[in-house]
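Visitor: Below are the chains, spelled out letter by letter.
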Amino acid sequence: MKTKLNYIYTLFIVMGLLGCSLEEDLVLENPDERLLASLEELQGKLQNAAHGWIGNIYPAGGKGFSFYFEFGANGRVNMLSDFNDATATDAYESSYRLKALQRPTIIFDTYGYIHLIADPDESISGGVRGSGLKSDFEFAAISISDDMLELEGIKNGSKLTLFAATQAQAEAWKGGEISEMFRITRSFLDEVGFPYIDFGDGIRQAVDISSSSKMFQLSYVDDNEQSISISSNFAFTLEGLSLGEEMTYNGKVIGNIYWDQEASNFYILYDGNPLYFSNSPTPIIPLRTLFGFGKQYNMLTYNPLVVSALPSKFLDVYEAGRAGLFGLSSRRLNRVEFTISGANEAILNFAYNNTAGSNFNARTTYRIRTDDEGNLTFEFIARDNNTNVVGSGLASIINYFESNKFRIDWVAGDGNLYGALVVVDDDESYFYGAF
Amino acid sequence: MKNHRKIYQNIKASLIFGLLVNSFSCAVQEDLTKPILGLEGDTWEKTEIDHWLDENFLIPYNVEVKYRWDASELDIDRTLVPPHEERVIPIMEVVKEGWIDVYNKETQEEFIKRYAPKQYQLVGSPQYNSNGTITVGQAEAGRKVVLFRVNQFERSNQTMVKRTLKTIHHEFAHILHQNIMYAPEYKEITPGAYTASWNTLSDTQAREMGFITPYSSSSPDEDFVEMIAIMLTEGKLGYESILAGINNPQAVQALRRKEEIVVTYFKQVWDIDFYHLQETTAQAIEEISPSPVTPLHTLLGVGQTYTKMGMDISAGEDQSAAFLSVFQAANEGLGTLGNAGRFIEALEISFIETGKSLVSVTYKNPSNLNSTFYADFGFDYTVTPEGLANFTYTGPPAESVSRNNNARVIETYVMALMDYLNDNNFQISWKNGRPDIGSSDQFGRFTVVDDSENFFFGILGN
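Protein sequence lines correspond, in order, to chains U and R.
Quick note: the first sequence, position 8, residue -4 per the working numbering, numbers continuous.
To convert a position in the second sequence, counted from 1, into the working numbering, add 164.
Calculated from the structure, these hints are not laboratory results.
As a list, the in silico BS3-like pairs of lysine-lysine whose alpha-carbon atoms are at most 27 Å apart:
1. Lys351/R to Lys308/R
2. Lys162/U to Lys147/U
3. Lys230/R to Lys143/U
4. Lys143/U to Lys308/R
5. Lys282/R to Lys87/U
6. Lys33/U to Lys210/R
7. Lys87/U to Lys210/R
Reference excerpt, derived from the structure (chain U facing chain R, CB under 7 Å, subset only):
8. Asn62
9. Ile95
10. Asp97
11. Thr98
12. Tyr99
13. His103
14. Ala106
15. Asp107
16. Pro108
17. Asp109
18. Gly118
19. Ser119
20. Gly120
Beta carbons: idealized from backbone N, C-alpha and C, even for Gly.
If we strip away everything but chain U, and leave its shape as in the complex, we get (with noise of 0.2 Å):
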């Protein structure tokens, strides 16, 4: 019994003590305290930062920015960012303050560069009436180191991740090297043709940037006819391109876009090793994804005086076609006229004049036979009045579209672009024109 009774006094002597050391851990502290503590670490991790703090932030509504900033123990900040050129070369001060929330919070409390893309006014944010991007400039601290502050947003979870900047960094970004980046962009995509991506699987990813929606996009058209493509938003930083979300080709990783000075070329990182965009003059995505009945384009025009002389034996074969019609009562053949008429049918069509001056047309009408291979003959339907009476003159134009077999394909020249039926197994005939 007195055991039992020793061991009940135990446990309320026990109990009693463990009522109570909840609240008196003095190995723990009290919550008040650690919080008060982080704090305190948080704004000295903020504004002991030799050159400031760089960051992006993705927000909820689209898009991506990047943000320089430098925190002054005052409860003053300088922010710098990619949100337009204004804001990336002329820094503005503006205040914070840190509070103890459930987390330490950093609170931006009037309105500094941070608060554009958060501004519900659409003319300001570029984001939805009333909710702007749906990003913030209220965030708890997540984790907290010298070099990495984790931060999260309160209102809309906006993550932003600080990195302390490195001097050259802190330089770059106040030398307004952010709006460098914007018009090194603008004039890669003015001077490039059609820029891609070669992954070595055969496949040539087209390359989209998008300043304006802040939008990465690859994308090819694969053998079912089908565009696929992946994207990621991005922010502007000094190396490049910083992207929002992981992107995955082939199931590794594409990393950020690099801009090298050197060789005037953007890379990716891809699995951890660099590639570069390759430059096409004529677009990725193949025109036979394009052209044809209902599609994008469905006529091409070959008219010499309006379109360029490309290398192609075509022009012999017009030139004798031009003289044949010549040689009937002086007719002026204008222009040669390919149309996709029908699902399966294609129109051939001669504009040219007379000596009098009137216009005629001269067309023929052709079933389209498609091979495995996608590959395109023209078997004859019917020829109209006209054609019966012309055809003779252009007979050598009429026999190159009917004993040849054709692939659709772009073609450039001169700084232009064109629609092609391609001579298989000779690429230097083909019949081409304006769309």
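Fit chain R to the known structure of chain U by using the hints.
Guide: Then chain R, alone, in the frame of chain U:
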């Protein structure tokens, strides 16, 4: 049993002991010096803005102006942003000049100190509502007022100044009627027309129904404070022009009734002359953000807003010395007519016919002060697009009526006045450079070209 009892006692003792241990250990724990986080409110190093707000709002009126973001003060379901720092002082200056200072002129300073909302919260953006409207101001129980859209505020934009002050006056009027209610008759002026779907009404529709704004139609309280806010911020002129634009006479009548109750309420409850408050407010707004001035010469003439200008000579001390000496010469000259001591009482220049003007002299004979005499003198009149006026004297009009005949009698005696007009060129302007805001009496001035010390002015009429 004995054992059991002992166990019971022991248990009891241990319970007490346990409790003691409990309370003892807790008592030790209590550290009253420990800061409780967040309880003392947010603090930061004061900036110039903070000092300015302290000096102009907190210290004199115990009004706290919060401009730094504090999510707990605002609707968490809305997307809002804090104000730009550089907009804070400009907008609060206008609040002070267009509201506090105005009331201080009309009341004891205690009035604002006592009834002002205790807190202003500034927000950079408008608050967007799901029905497509935006909120620009909000009040909570007379304690706190939220001013939105601060980032768009510009002192030089009078429309924006008026909108901001309208919010301030609107919310302050709520506080006033929450302290002492307005007359219940107010609610009976447009009963049954109050609607929750006020936002579907246009300004015009609301006014034709007897509401000064669409929001007025949401409830009698809103109606009452909207009337006050509009009458104050639009001034007498703006308010009258709103009423003049209403076609429905019943609506105008309803608004007049509402106006009357507002004016009575201010007088009886707060001992404030509302029309004077209205004039003071209009003047303040005009000083904050002057409206563009329409040159008087485009408003003065045949068929214009003003067709005549009168001079009451008894108020003549503001007239220029040069003009006064001319006037005196004419006045004394008139006195010598038959040595009867006739004297000039008033002058008026009127524009009744294109290219012509008429100067009318009102005079009296001391022998019969109950009789007033009039004499008209004709001038050819031209005015340039720049407002340069030229008078050429043509004598009393030919028609044989007493005014003209009188003129023929006194002409030589008052010739100094006619010569003055005939011999000078005048620049027409508003007496004080611009119309006197909030006043129904407006004054014009004719200044001799190249002699700014030589002018006469008078009250404009038609």
